[in-house]
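Note that this note's numbering gives residue 219 to position 112 of the sequence shown, counting from 1, and the numbers run on in steps of one.
It should be emphasised that the hints constitute simulated quantities derived from the structure, not laboratory data.
Hints are not guaranteed to be accurate.
As the list claims (entries may be wrong) - In the SDA-like style, the derived pairs of lysine to any residue whose C-alpha atoms are separated by at most 20 Å in a straight line are:
(1) 257 <-> 214
(2) 257 <-> 152
(3) 336 <-> 235
(4) 298 <-> 235
(5) 134 <-> 152
(6) 267 <-> 335
Stated by the list, open to error - Label-pair distances were calculated between CB atoms; the ranges are:
(7) 336 <-> 268: 16 to 26 Å
(8) 136 <-> 256: 37 to 47 Å
(9) 221 <-> 137: 17 to 27 Å
(10) 243 <-> 218: 15 to 25 Å
Predicted model, so just to flag it, every value in this text is computed and none were measured.
Every residue, glycine too, gets a C-beta built ideally from N, C-alpha and C.
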Amino acid sequence: NKSIIKCSNRGKMTILILCAGESKRFKWEGISKHRLPVFGEELLSRTVRQCKDRVGYTDEISIVTNDFSITDGLTGEMYCYREKDDDVDYSIYTPEKYSYICQTLKSTRNIWGDDRTIVLLGDVLYSEYIIDRVFSKHPPILFYGSIVHKEIYALAFTDKPEIIWALDRVDERVVEGFHGQLWQLFYVLNKLPGHRHPDSIPYRMFRHVYDFTQDFDTVEDYEKFLYFKEKIYKEEA
């Protein structure tokens, strides 16, 4: 049986699933990475379903994208608003700017949760265990990622002013030639230089992910997942 953490109605929480930017370089048998089949579900549908399992009536799920083909025919229906007794689904939010992921996140600041904001990535396959951890109580700012794979998979925060300040600093670093990925946001918040390699990082604001949670940056990433799926990965029953 799955262990589902159901969030109580302690204040509006927003879950952002970031799918903005350029994904045309990734096609597996004509399928974009957000719609790849994983464990009997499409990747993005799975992430939406995992969120729906854990939200309360006052919470919102938003798919953030500039490409509406990503959500075409997605499992479930779209709700841009809902009554208290409605089944929570998702809305679609088009960011004003989306050249890099931190810019996309900054463009969503008007829909951040009154209580908490959870940031997930549309090209990441999340285990139920990690989704449970992301939705559980945490410090004001917390990243989830893998040092081994040098990836950040999720972010949860309540300290909106600190995040906005840090995103402004990331914009400045991008002008200086640094990347604008979530690692850069982590570096700024921890007062680290923009070129730091994430081989060993402080535990402050960071939780390590050791299970099969992974992103699909390339076709090779997905084909490796397919190869090992039956041999190693055990999806929660």
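Structure-based check of all given hints:
For a cut-off of 20 Å, the pair hint linking residue 257 to residue 214 is broken: about 25 Å separates their Cα positions. Restraint check: the Cα-Cα separation between residue 257 and residue 152 comes to about 25 Å, which exceeds 20 Å; the hinted pair is violated. For the hint pairing residue 336 with residue 235, the CA-to-CA distance comes to about 16 Å; that is within 20 Å, so the pair holds. Taken as a hint, the residue 298 and residue 235 pair is broken in the structure, with Cα atoms around 32 Å apart against an allowance of 20 Å.
A distance of roughly 18 Å separates the Cα atoms of residue 134 and residue 152; the hinted pair therefore holds under the 20 Å criterion. Between residue 267 and residue 335 the CA atoms are separated by roughly 39 Å; this puts the pair beyond 20 Å, and the hint is violated. A hinted range of 16 to 26 Å for the beta carbons of residue 336 and residue 268 is inconsistent with their spacing of about 42 Å. For the hinted restraint 37 to 47 Å between residue 136 and residue 256, the CB-CB distance of approximately 24 Å leaves it violated.
For residue 221 paired with residue 137, a C-beta distance near 41 Å fails the hint of 17 to 27 Å. Taking the beta carbon of each, residue 243 and residue 218 are about 22 Å apart, inside 15 to 25 Å as hinted.
The structure is inconsistent with the numbered hints 1, 2, 4, 6, 7, 8 and 9, although it conforms to all the rest.
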